[in-house]
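All chains, full assembly: derive it from the sequences and hints.
Mapping the sequence shown onto this note's numbering, position 74 (from 1) lands on 74, and the numbers just tick up by one.
It cannot be assumed that every hint is accurate.
Cβ pair distances, simulated, as ranges [said to hold, decoys possible]:
id: 1; residue 1: Ala-74; residue 2: Ala-30; range: 26 to 34 angstroms
id: 2; residue 1: Leu-49; residue 2: Val-16; range: 13 to 21 angstroms
id: 3; residue 1: Trp-56; residue 2: Arg-80; range: 20 to 28 angstroms
id: 4; residue 1: Gly-40; residue 2: Ala-74; range: 47 to 55 angstroms
id: 5; residue 1: Val-28; residue 2: Gln-73; range: 19 to 27 angstroms
id: 6; residue 1: Leu-72; residue 2: Cys-46; range: 36 to 44 angstroms
For the record, the hints were derived by calculation from the structure and aren't laboratory data. Glycine is no exception: its CB is placed at the ideal position from the N, C-alpha and C atoms.
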Amino acid sequence: MESLLEKLFDTYGDTVLREQGVYDEAEVLAALDELPLDQGSQLEVCDLLSSYYLRWSTAAFSTGLYLGFSLLQALHQPPRD
1 MESLLEKLFD TYGDTVLREQ GVYDEAEVLA ALDELPLDQG SQLEVCDLLS SYYLRWSTAA
61 FSTGLYLGFS LLQALHQPPR D
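Okay, here's the thing in structure tokens:
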């Protein structure tokens, strides 16, 4: 089951990153073509890199989300005497 943060990343964060072009699977596959690996091994490496990208991106997104919420909360609290 996906966590709420994963769902938020999939619906928002991933779209933003794709628009910025930070991960290009075709570029990864082209680089892997230059290595002495069979096609099955190339696909396994590509899948592994894609998995890391999604995990790291989701973690960074959730960290930024929590930071944003904490900063907003601080702005909405009454000033201390």
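Hints, one by one, checked against the model:
1. Ala-74 <-> Ala-30: 26 to 34 angstroms: About 46 angstroms separates the Cβ atoms of Ala-74 and Ala-30, which means 26 to 34 angstroms is violated.
2. Leu-49 <-> Val-16: 13 to 21 angstroms: holds, 20 angstroms
3. Trp-56 <-> Arg-80: 20 to 28 angstroms: The hinted range 20 to 28 angstroms is violated for Trp-56 and Arg-80, with Cβ atoms some 37 angstroms apart.
4. Gly-40 <-> Ala-74: 47 to 55 angstroms: Distance hint for Gly-40, Ala-74 holds at roughly 51 angstroms.
5. Val-28 <-> Gln-73: 19 to 27 angstroms: violated, 39 angstroms
6. Leu-72 <-> Cys-46: 36 to 44 angstroms: holds, 38 angstroms
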